[in-house]
Amino acid sequence: MADELKKPGDLRIGVFVCECGLNIAGTIDCAAVSKYAETLDDVAAVVQNKYTCADPGQNEIKKAIKKYNLNRVVVASCTPKIHEPTFRECVADAGLNPYLFEMVNIREQCSWVHQNEKLLATEKAKDLVRSGVARARFLEPQTEAEVSVTKAALVIGGGVAGIQAALDLADGGHQVYLVEKEPTIGGIMAALDKTYPTMDCSI
Amino acid sequence: MAVTETRFKCLNCGHEYDGIYDSQVVQERTCPKCRSNSVRRLPKAKPDKAKK
Amino acid sequence: MMTYSEVEAVTGYVGNFNVTVRKKARYVDPNECTSCAECAEVCPVAVPDEYQQGFSSRKAIYLPFPQAVPSAYVLNMDDCLGNNPIACGKCADVCDKNCIDYDDQDKLVNIEVGVIITATGMDVYDPTEYDEYGYTRHENVITSMEFERLICAGGPTEGHFIRPSDRKTPQTIGFIQCVGSRSRDGRGNPYCSNICCMNTVKDTLLLCDHYPGIEAKVFYMDIRAFGKGFEDLYMRSKEEGVKYIRGIPGDVTEDPETRNLLLTVENTTTGKLENHELEVLVLAQGVIPRRDNDRIRKLLTLSTTSDGFIMESHPKLKPVDAPTKGIYIAGCAESPKDVKDSVTQASAAAARASILLNAGKTKIEAITSQIDADKCNFCGICAQVCPYNAIVSSDRKTKRLPVIIQAACAGCGACAAECPQDAITMRHFRDEQILAQIEAILAVEPHKHLLTFACNWCSYAGGDDAGTARLQYPTASRLIRTMCSGRVDQKFVLHAFKLGAPIVLVSGCHFSDCHYISAVHWTQKRMDKLWNKLDKLGVRPDRLRLEWISAADGQKFAKVMRELDDVIKNVTMDEIEYTMNVLAEEEAKAKEKKTKTRVEVQA
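Chains as they are written, first to last, in the numbering used here: chain A, 11 to 213; chain B, 152 to 203; chain C, -14 to 588.
Next comes chain A alone, as it looks inside the complex:
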């Protein structure tokens, strides 16, 4: 099925395997993973780094994009929750659309949770890289569109919260519509006598 779906065109994928000091390399045989990545279709370059997220590591990515004319980048390192934005920016710096980048998590979901199973963890890392490369083949450039914002706000409810929000926005120079269902603003607070903790009048 993958074959019939495969995108035509010249795919040049770069795979960057991160050791994360010993965080990854302490469990996973990063050299073996790199070697394996080289055997995958469409992979044009494989680079192994001690810390891919650090400046030298990022420079390696930028250099490789230029040198090997890469059009997809796969980084096998930590969770995308931490460094996906970092690497997206990095590939964008090198002139690649940031959505042509894919991250493979071989730290939080591999090396750190399989510390006593070095061989199997390395096999898992290979599978994950294979999966990431497979996905990378189908990545497309995306753009984040912009929409304009009408410079006016609606506040629904004229109780103490609504009044405060409306006043703050108005004081900030914005046009505010305050909509209150009852004939008067004030809400529930207007029906209170004194309020804690200062025991002063509520109106």
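Please note: incorrect hints may appear among the correct ones.
[As the list claims (entries may be wrong)] Just the calculated beta-carbon pair ranges, DEER-fashion:
1. Val377(C) <-> Leu32(A): 51 to 57 Å
2. Asp292(C) <-> Leu130(A): 44 to 50 Å
3. Ser497(C) <-> Leu193(B): 22 to 28 Å
4. Asp292(C) <-> Val154(B): 16 to 22 Å
5. Thr289(C) <-> Ile92(A): 31 to 37 Å
6. Lys510(C) <-> Asn69(A): 46 to 52 Å
7. Val377(C) <-> Ala64(A): 45 to 51 Å
8. Leu193(B) <-> Glu(-7)(C): 32 to 38 Å
Derived by calculation from the structure, the hints in this document are not laboratory data. For glycine and all other residues, C-beta sits at the position ideal for the given N, C-alpha and C.
Start from chain A and add chains B and C according to the hints.
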């Protein structure tokens, strides 16, 4: 007709129990025995089967 | 400012909302009215005054309360003798400024705004349900809101606190806490209403101040005085001689002669049963969500938590943002809170809203869905699925395609997963991309792998949490990340089984944490369908698993991984082979059917 009594089965530990199912308001299901969320709503026995 | 007005309809998306507001007929021109009160003097109708909790009366034309804003009278047509001036018309006669118009009509006003702040507030709990307190039977049992009016200088008694039965100032008064709050017996609400403890402390201090020597007793479960200056106030109340008794009364009866109230309570500090006689009893009623919350929820495509308050985007990190972009929440609409917290949240919401207003533009998600015009058959399911109302439904008759409003789409992918025609493409999480991952994972020794779909926000993060905590589990798992579990198409799961997966796990956020309002509901519905389908095909349904794992629950993630590793070992090669064959057959059949219909259509 949205609310019906249904039999649920936990696919993790096999525990079966009755509960309310509302097709309008989907509820999170948790097996009362093993806390798994793999709780299947068993289809009703077919009427022709029931007749037999 | 539009008072006596309600939001009728909201369309559009972040930065570009179009709002229809109904300005209800007030029958009095608020710009002309000088609040001279002459109209009310001649009005012959007297009805209970809502503001004074019914302790006094108002006319059909009235000022809600002296400090009302706008300071203008309003005519309640339900109370008025009729908008036929022949019937009465007295108020219009005396109004010098001619600002009363019986023919006033509701007006619909359209406004364009970039952001919306929801500050719709709360309602108070009606203690009628707690029959043992006798709120409806005993005149001298009152609620805390009624107390406020009775003690207020602007109230019906001008601040002279009296009890309803004989209008005398009581010498003994009791307060029962948690009425309708922290309840586990099905009455009222299970949550703490936050404000009632301190409100009662305040009430006792007011009483001690106005009537030195008054005997006040508070019956409570716990006194929660956690805020700044709160404990001081509580201590002051105790020093003033207010008695705090730990125990909630079982029942309240009335002495028919004195109209005093007799309470029986188990003092849980001493463990003894006590009897108390009080002249007035105040029920500290809890806070409940607005009874018409559902209306606003539907208008703004918000969701509510199980207790009925409006749900925020994230309970800790985005407490004033609604899940729908450009909408913010402030005050008791979000949860019960006091004045200070309401004001704090309101300022926060205003600040958050200002970010968008000041920027004048906003970036929208790149990960959104798109309709494939060639494949769509106008069924309309996508519009029903979308938790954000971001899809304008198709029309089968006119063959109008559905329209996805890109700025409103949050990118959950539920529409793409539910579309029966595969006519929706989810950018960056396309079918091809996910299928390619499944194939790559199952290309080598598929029978050993635990193919897992994990949503970006919770279960994937839960997996990360397990990693950070170095919780060890077997190596079988192979994760595929989607933005939401709602993206996991039936065909992804079936494809995985067809390629020889022993177990497939779908994991997502707990319902209350779903980052896409209710997209996770579709995951549950789809799983039910899949389990039935597998069963029909003779495949053990328990090979398809579902788990809700939160971002902080690495423990559960690791536990599930360990448990499923054992399950994998119980799936035999014969079983896997049977599944692969039966699914391959099934696919072939479906293909045949498709070409057949296509031929028929062409013919």
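Hint check:
| no. | hint | verdict |
| --- | --- | --- |
| 1 | Val377(C) <-> Leu32(A): 51 to 57 Å | holds, 54 Å |
| 2 | Asp292(C) <-> Leu130(A): 44 to 50 Å | holds, 46 Å |
| 3 | Ser497(C) <-> Leu193(B): 22 to 28 Å | holds, 26 Å |
| 4 | Asp292(C) <-> Val154(B): 16 to 22 Å | holds, 21 Å |
| 5 | Thr289(C) <-> Ile92(A): 31 to 37 Å | holds, 33 Å |
| 6 | Lys510(C) <-> Asn69(A): 46 to 52 Å | holds, 48 Å |
| 7 | Val377(C) <-> Ala64(A): 45 to 51 Å | holds, 47 Å |
| 8 | Leu193(B) <-> Glu(-7)(C): 32 to 38 Å | violated, 44 Å |
Comparing the model with each earlier hint shows a violation of hint 8 alone; every other hint is respected.
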